[in-house]
Amino acid sequence: MSKLKYESPNIKQIHAGITSKFGESSTLKPITHINTVPVKDLINTYGSPLFVISEQNIRNTHKEAYHAFSTRYPNVQFAWSYKTNYLDAVCKVFHQEGAWAEVVSGFEYRKALKNGVSGDKILFNGPDKSVEDLTLAIQNNSPIHIDHFDELFSLVEVTNQLQKRAKVAIRVNMDTGIKPLWDRFGFNYENGQAWDAITKIMYSKNLDLVGLHTHIGTFILDPNAYYIAASKLADLAIHIKKKHKHDIQYIDMGGGFASKNTLKGSYLSGMEISPSFNEYAEKITSALLNAGFSTEDLPLLILETGRALIDDAGYLLGTVLANKRLSDGRRSMVMDFGVNLLFTSFWYNHIISPAQECSLYTEDTVMYGPLCMNIDVIRDSINLPPLNKGDHVVVQRVGAYNMTQWMQFITLRPRVVMIDVKGKPHLIRDSETSEYVTALEKIPNHLESLDL
Amino acid sequence: MKLKKSIAISENGFVFNPEIGTSFTTNSLGVAVLKQLKNLTTKEEIRASILKSYEVDGVTCEKDLDDFLRMLDQYNLIED
Chain A
85 MSKLKYESPN IKQIHAGITS KFGESSTLKP ITHINTVPVK DLINTYGSPL
135 FVISEQNIRN THKEAYHAFS TRYPNVQFAW SYKTNYLDAV CKVFHQEGAW
185 AEVVSGFEYR KALKNGVSGD KILFNGPDKS VEDLTLAIQN NSPIHIDHFD
235 ELFSLVEVTN QLQKRAKVAI RVNMDTGIKP LWDRFGFNYE NGQAWDAITK
285 IMYSKNLDLV GLHTHIGTFI LDPNAYYIAA SKLADLAIHI KKKHKHDIQY
335 IDMGGGFASK NTLKGSYLSG MEISPSFNEY AEKITSALLN AGFSTEDLPL
385 LILETGRALI DDAGYLLGTV LANKRLSDGR RSMVMDFGVN LLFTSFWYNH
435 IISPAQECSL YTEDTVMYGP LCMNIDVIRD SINLPPLNKG DHVVVQRVGA
485 YNMTQWMQFI TLRPRVVMID VKGKPHLIRD SETSEYVTAL EKIPNHLESL
535 DL
Chain B
35 MKLKKSIAIS ENGFVFNPEI GTSFTTNSLG VAVLKQLKNL TTKEEIRASI
85 LKSYEVDGVT CEKDLDDFLR MLDQYNLIED
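Chains as they are written, first to last, in the numbering used here: chain A, 85 to 536; chain B, 35 to 114.
If you're looking for bench data, these hints aren't it; they were derived computationally from the structure. Among the clues, some could well be false.
Unchecked claim - Derived contacts from chain A toward chain B, CB cut-off under 7 Å, selection only:
id : residue
1  : Pro93
2  : Asn94
3  : Ile95
4  : Ile98
5  : Lys167
6  : Pro264
7  : Arg268
8  : Phe269
9  : Arg414
10 : His434
11 : Ser443
12 : Tyr445
13 : Thr446
14 : Ile459
Glycine included, C-beta positions come from ideal geometry on N, C-alpha and C.
Based on the sequences and whatever the hints tell you, model everything.
This is the structure:
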């Protein structure tokens with residue numbers, strides 16, 4: 085007689101409370117496949133933990149976002165935000181979909197060039213651009229988004245030395261009702277600083293003001309903030325036309341669209357409260373279309389959306405290392421991935437699903453990573469069925485920031501696989517080795533010998 | 035050890051302690067173990083019956099059973 089499938093015996097106390105009719109179903113569905121590829125096969129082939137990216141999901145999401153804007157506004161361009169995920173394979177998918185590159189450092193700028201993006205389609209943002217970076221960007225005819233007056237003056241010097249003109253935009257910060265106000269980047273709209281920067285550029289010898297840029301914050305749940313931001317940039321553009329008889333070629337609304345992840349402390353899930361691309365598009369395009377531009381002067385609308393385009397495409401597969409009972413009776417689980425790989429677990433209550441069939445019985449569980457550090461908590465409370473040592477889980481919506489902000493700390497970073505549109509997995513980043521990590525270290529001579 | 039006489043268990047895993055009014059849910063193997071505990075039994079006997087019926091190795095079974103029995107004790111559901 086065949087034996088029954090084992091699931092450890094568990095019991096939990098029922099605490100009566102007021103029932104809530106709000107919120108999505110708490111029924112837990114196992115994720116056994118990603119784009120038709122069995123999770124088990126992926127882990128057997130590439131190991132655990134493992135990041136998996138769905139190419140189809142990236143392409144679908146980009147198309148959905150582009151459709152939302154291009155059906156409302158005649159001239160739309162997306163620029164892929166490199167810092168959100170700059171694995172070359174990921175960037176190339178976005179570029180194949182037609183996205184330009186948006187970079188915030190010399191490192192990212194060179195990555196975009198190497199990925200085949202022509203200089204005039206690389207938007208150079210950020211507060212840290214060296215003279216060498218600026219020179220490279222000027223020579224490649226890239227739009228440089230000026231962050232502060234020191235950078236503006238550096239640019240004037242560099243262009244004078246090179247005897248070349250530079251295409252520039254300014255980043256504008258402003259009050260859109262969103263707190264905190266991101267006034268550390270760019271020039272302020274309300275106190276006249278932005279207009280001051282515009283005037284300096286317009287009277288400079290070698291700078292061509294081609295655009296206006298803003299980036300009002302991150303994970304913005306109120307689309308109306310974008311209406312205010314777009315209105316203020318449009319107002320600047322119209323005044324530039326009036327005063328200087330100069331047309332602004334593009335308005336860059338930056339990023340900050342929320343993904344469907346659930347922020348820590350949020351009562352409702354991201355699935356329920358995050359605005360759709362259509363909602364953001366409606367606000368931004370309405371503001372621009374109603375601003376007073378003549379039809380022929382309507383500027384190109386650029387969007388640097390990162391998180392909302394890639395979060396859903398990323399998965400982290402992991403394995404249970406141990407089950408433990410805490411002193412207060414709660415169940416805890418130690419996984420083979422921690423906050424070193426899942427940086428976003430500091431911000432989100434990630435959805436984590438079993439990767440194999442399981443019972444409907446769940447228990448409140450604390451999920452820890454493998455690091456010998458108290459802060460290594462993936463979820464401080466998650467309802468999961470009993471999982472045995474060696475069972476696998478799938479963390480969803482991890483495509484944004486984790487593969488750029490991950491840390492080489494205590495353990496080595498794992499492989500990253502991309503599943504192509506035909507369902508074939510490709511290794512797009514290999515796992516680190518001890519040799520790779522220590523290759524840059526040097527030992528002073530007097531520390532070479534040991535006598536233990 | 036033995037389940038306290040007053041404890042009620044349903045087939046689908048609802049457990050009720052009428053002495054102090056607490057209630058619990060347990061999974062299918064939890065129900066099986068609690069049923070076995072209705073009669074005086076030992077940990078070894080429970081372990082043997084689980085190993086006989088389920089796809090599990092001895093170490094995992096012992097570890098999980100220890101944990102489950104500790105929880106039953108903590109919830110005041112069993113007596114020696």
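Hints and how they fare:
The beta carbon of Pro93 of chain A comes within 4 Å of a beta carbon in chain B, closer than 7 Å, and the hint placing it at the interface holds. Taking 7 Å as the C-beta contact cut-off toward chain B, the hint placing Asn94 of chain A at the interface holds, the least distance being around 5 Å. Checking Ile95 of chain A against chain B: minimum C-beta separation of about 4 Å stays under 7 Å; hint holds. The criterion of a C-beta within 7 Å of any C-beta in chain B is met by Ile98 of chain A, whose closest approach is roughly 5 Å, and the hint holds.
The restraint placing Lys167 of chain A at the interface with chain B is violated, with a minimum CB-CB distance near 44 Å, outside the 7 Å limit. Against a cut-off of 7 Å between C-beta atoms, the interface hint on Pro264 of chain A is violated, since the closest Cβ of chain B lies about 43 Å away. Against a cut-off of 7 Å between C-beta atoms, the interface hint on Arg268 of chain A is violated, since the closest Cβ of chain B lies about 50 Å away. Because the closest C-beta pair between Phe269 of chain A and chain B is about 51 Å apart, greater than 7 Å, the hint is violated.
Annotation: interface hint on Arg414 of chain A violated; nearest CB of chain B at approximately 11 Å, more than 7 Å. Nearest Cβ of chain B to the Cβ of His434 of chain A: about 24 Å, over the 7 Å cut. The hint is violated. Evaluation of the Ser443 of chain A hint against chain B yields a held restraint, the C-beta minimum of about 6 Å falling below 7 Å. Interface hint at Tyr445 of chain A: satisfied, since its Cβ lies 4 Å from the closest Cβ of chain B, which is below the 7 Å cut-off.
Nearest Cβ of chain B to the Cβ of Thr446 of chain A: about 9 Å, over the 7 Å cut. The hint is violated. The restraint placing Ile459 of chain A at the interface with chain B is violated, with a minimum CB-CB distance near 26 Å, outside the 7 Å limit.
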